[in-house]
Every structure is written in C-alpha cells, then in structure tokens.
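Taken in order, these protein sequences are the chains called F and W.
According to this note's numbering, the first sequence is numbered sequentially starting from 10.
According to this note's numbering, the second sequence is numbered sequentially starting from 10.
Rather than coming from a laboratory, the hints here were simulated on the basis of the structure.
The list that follows gives simulated cross-link-like pairs (lysine-lysine, BS3-like), each with its CA atoms no further than 27 angstroms apart:
#, chain 1, residue 1, chain 2, residue 2
1, W, 74, F, 92
2, W, 58, F, 201
3, F, 162, W, 74
Number of protein chains: 2
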Amino acid sequence: MRYRLYYWPGIQGRGEFVRLALEDAGADYVDVARGKGGMAAMQKFIDGKRVAHPPFAPPFLKAGKLIVAQTANILFYLGPRLKLAPRDEAGRMWAHQLQLTISDFVLEIHDTHHPIGGRLYFEDQRAAARRRSQEFLRYRLPKFLGYFERVLKANGGNTCVGRRPSYVDLSLFQVVEGMRYAFPKHMKRFEKKIPGLIALHDRVAKRSRVKAYLNSRRRLPFNEWGIFRYYKELDG
Amino acid sequence: MRYRLYYWPGIQGRGEFVRLALEDAGADYVDVARGKGGMAAMQKFIDGKRVAHPPFAPPFLKAGKLIVAQTANILFYLGPRLKLAPRDEAGRMWAHQLQLTISDFVLEIHDTHHPIGGRLYFEDQRAAARRRSQEFLRYRLPKFLGYFERVLKANGGNTCVGRRPSYVDLSLFQVVEGMRYAFPKHMKRFEKKIPGLIALHDRVAKRSRVKAYLNSRRRLPFNEWGIFRYYKELDG
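Make a model of the complete structure from these sequences and hints.
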C-alpha cells in the first residue's frame, strides 16, 4: 500500500507526527503537497466538492479509497498496520487516548504564541502571548509532561504502551524536540523533572529509520511558521 | 452493561456529549461524581495510583474493567454499542473524525473566555477574552459550523453520518444549544447561515429520550463554570 499524506509543505506541524510513524515503519508514502501540483491537489480535498468525506483541515491521509483526517485518527488507523500500536481493542484505545492527550497538549503549545487568534500576527498578540506562555510553562507543561512521565514509568519505563515502541513514543519524541526548540532556556531546567521521557526521546532518536530520516532532507527544520516557534521573550 | 460515567458534577461541560449519547440510547449508567462519595472515587482514578491506565482528565467511562477517557474516544467506543454510529470501520472512523473536529471547536469555544489560562479568573483576562471572542465569532465559528453544515447537506440533510442518527448529531445539537446560551445576540443573526444544523438541532430536541432528559433534573443548567459561558461583553 502506498499512502498519500497531505499536509502544508513548509512546516513540520501536525503532519510530523504522521511522518515519524510512516518513516519509522519504513512505509511507502508520498508527501503530496511537497511535490509538484501538490498544494492544488490538497486544496481540492479541503474544498470538498468531489469528496464524500471532506477533511476539515490537513493533515489527512489517503489509503486506497479511504481518506482519514485528524492527526490522532490517522495514527489510530495506521498504528496496527505499521506495527506501531497494540492490536487488541483495549490496547489500541489506550494508545489513542494518550495520543488525543498529546493533541490537546500540542494545541496548547500552539496557543502560547497565538492566544488571540491564528489569523493575526504574533506581533499583534505579544502581550497576551507572554502571559499565556507564563501560565503554560508554570502549570500546563508540568501537568502534561508529568502525566506522560508517570504513564511511561508505570509501563516499565521503556515504552508508553505495551512492550513494543508505538506511535505514542514517536510523538513524545517530537514533543520533546519541539519544546527544546521553542523554549530552550526553560527546557534546560525542566528536563530534570522528566528523566524517563528524555531517555525515551534519546532512544527514539537512535532508531535506525528515525535517525536516517532526521538526517535526510525529508525532515523539515523547525521554523517560525509551525506549531513550535521560538520567541525569546516567551521562553521563561 | 451498567456504564459508570465520571465527570465534574456541577457542569455540563465535555461530559454532556457523553450523557446525551447514553440518554438517547436509554443506556443504564451512573453519573458517579454526582452521587455520594463520587468526587473522591473520581479523584482516585485521576491520581492513578491503583489504575493501570489513568485518565489525564474527566470525562472518563468505566465499562466493566475497561476505562476510556477523552470525550471523542468514549463516543467512539460507545457508538456502535449504543447503535449511535455505523458499524463498518470507514463509517466509524468518519464519525470519529467529525467528533474530533467538534472537540477542537469546543476547545476554541472554551478559550474565548479563557485565552490566557484556565487557572485564572475571567476578570483577569477580560481584554484578551474580548479580542479572542471577536476573532472567534468572525472567523472560527463560520469556519467550523459552515463545515458541518456542508457535511450535513452532502449526506442528505437528515443526519451527518450514514442514515441513522449518530452521536455526531447529538453533539451538534449540544453545540447549538451551548452557542445560543453563550452568544445569544450573535447567534440570532448567525443561525440564518446554518439552516440545516438548526433543523437538525430541532429534530434532536424532539427525540423522545432526549426530550425527557432535557426536562429532567439530570440535565444540569448551563452556568458560568462550564465551557459555554455567557458574558455580555463577549457577545459580538
């Protein structure tokens, strides 16, 4: 099966959680919008005129005739197919539940720099962004990552779900990467509180296909258009 | 099967999307935290000391030994069991995808009154709330509800998914109810743009078990602690 991933071509964003799973599994996929004519193809699906089930927004995945949108839903679908999730219903749902909590966290990370609205420039919501980031770093970050640290530990410390690495582990790698990019000063201190997640991050980075991907041109660099953005004034 | 629902006792909040499905299906369930000792029982699960898979936050559902958290995940699980979702994989995932988009919308609704942080009072983030609400009413509300209006229409206008009513329809009923409570002045004008969703809302309200539920004491009133809150200054 050749998967077709549709996502904004210039950023890691939410698409990166899907890319990491496809790359780690060595799956056959096309990153459509990064190819010629890809943006127009993506727009067609969003306009929804010729699609029975139009996605609300990227990322979405085409697998044969099926179109799946919403990052966590895409991973739920791919998980067992890429051997990156348990196969039994309870295990699959637990992995999905964790991924949905990661989605919530990712939205809160985005809103640190855009608390008023995504349509406005950062410069137009600077003061609010500073206050929201303060609240985020002080209360939300420890709450979310403290939760995942406990979940990891309760599962033995090697993986979050079951005995084999799952897309949840890959996504937590990406969260640590992104947080380091966006809040380097704060993370330097904070990482001491989540030793299990940092060790997990390092193990994921060493997985052979992930390592090859990170060193390839397929891995876009972080930048100031994505979810994780670096603004010195927001970094604690 | 007697389901046990765990959610904050004083508000409709996210728990209401699950309550509506359970009520419409005539399912046997206990709203645990509203009973004696219920809050302590709920807290035990969140603390996670004796639970293999602790939820990050309410709502969560106990079904036999299984604990499912995250509103959309709970509905994904309950859907086919309550006959409120298609049974085939593609149909189930499409319903879930729509529900995840409703979850995103609900979070944005919440953040209109709490753009800086949930821990702070509304009064401490009033100016930011006014700006965020403006952005929300002007751009996000039409984008989200316009999308669901199109989805509904493309499916024939009676239901959003398949031929029978699903939890997605019940959730859209709740979204309309909540928006009417939180932004009455704005909704009065805006509803003309979503005639299909308003008709769907009215059909759901007339379903016999939903109607009985809405008239019962089990249905909590909207209030200023939930997701949908009325602040005159935010209403356009």
